[in-house]
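Participant: Sequence:
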Amino acid sequence: MSPPVNYIVYKFFQEISLCRISTSGIQHSQSEVEHENLEDDPKDRSKVIPIEISMKYLESEAYETTYGDDPVWTKYRRNFKGQFPPTKTRQKCIRKDRISTGNPCPICRDEYLVVEYRNTKLLEQFISDYTGEVISFKKTGVCQKRHRELQIAIAKAMDFGLITFDVPFREYDYSEFYNVEETS
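In this note's numbering, the protein residues as written are 1 to 184.
Possibly wrong hints are sitting among the right ones.
Listed below are the simulated DMTMM-like cross-link pairs for lysine to aspartate or glutamate, each with C-alpha atoms no more than 20 Å apart in a straight line [said to hold, decoys possible]:
#  : residue 1 : residue 2
1  : LYS121    : ASP70
2  : LYS56     : ASP97
3  : LYS156    : ASP166
4  : LYS156    : GLU176
5  : LYS96     : GLU111
6  : LYS156    : GLU52
7  : LYS138    : GLU149
8  : LYS96     : ASP40
9  : LYS138    : ASP159
10 : LYS139    : ASP159
11 : LYS139    : ASP110
To be clear, the hints were calculated from the coordinates, so they are not data collected in a lab.
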């Protein structure tokens with residue numbers, strides 16, 4: 001006994017909805033088709049942003065209204081369980097081209113912030129004004145992966161001469177420190 005025709009048509013349409021044939025003739029599963037349609041997904045980080053667009057973004061009005069004159073990391077506060085914050089930040093916020101955490105670090109949450117040695121306006125926000133060193137991840141809240149990228153990019157930018165840092169010279173009145181007695 002063969003199955004009814006309606007059942008065969010139902011199975012056929014079910015198979016069509018699960019798979020589609022592209023122009024190259026390769027079949028894709030439904031999850032791959034859904035992945036292609038997720039362009040509006042705010043957690044998707046598979047799109048590569050060129051460095052030129054990132055540099056223009058740092059000078060745009062959208063960046064100014066979002067962050068103001070403050071560095072990117074000043075208004076960031078990580079959610080954590082319990083009373084005391086964790087000693088280290090998370091290893092990485094993005095896994096398999098998607099934001100995997102509810103509260104990503106300041107660089108991972110904004111897809112237009114690209115860490116590269118040519119993006120000096122972004123890199124200067126993570127350099128200490130007093131010592132010229134990279135600010136710790138404990139203060140900035142950046143994930144470990146982005147912090148390593150920042151260290152490499154800042155060192156590379158300093159090697160190329162794109163970022164220069166001079167420690168300010170302080171004048172001291174040494175007479176206050178030495179006990180000078182007049183002998184007569």
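Participant: Compare the structure with each hint and give your call.
Facilitator: Right, here's what the structure says about each hint:
no.	hint	verdict
1	LYS121 to ASP70	12 Å, holds
2	LYS56 to ASP97	23 Å, violated
3	LYS156 to ASP166	17 Å, holds
4	LYS156 to GLU176	42 Å, violated
5	LYS96 to GLU111	15 Å, holds
6	LYS156 to GLU52	18 Å, holds
7	LYS138 to GLU149	16 Å, holds
8	LYS96 to ASP40	17 Å, holds
9	LYS138 to ASP159	26 Å, violated
10	LYS139 to ASP159	25 Å, violated
11	LYS139 to ASP110	18 Å, holds
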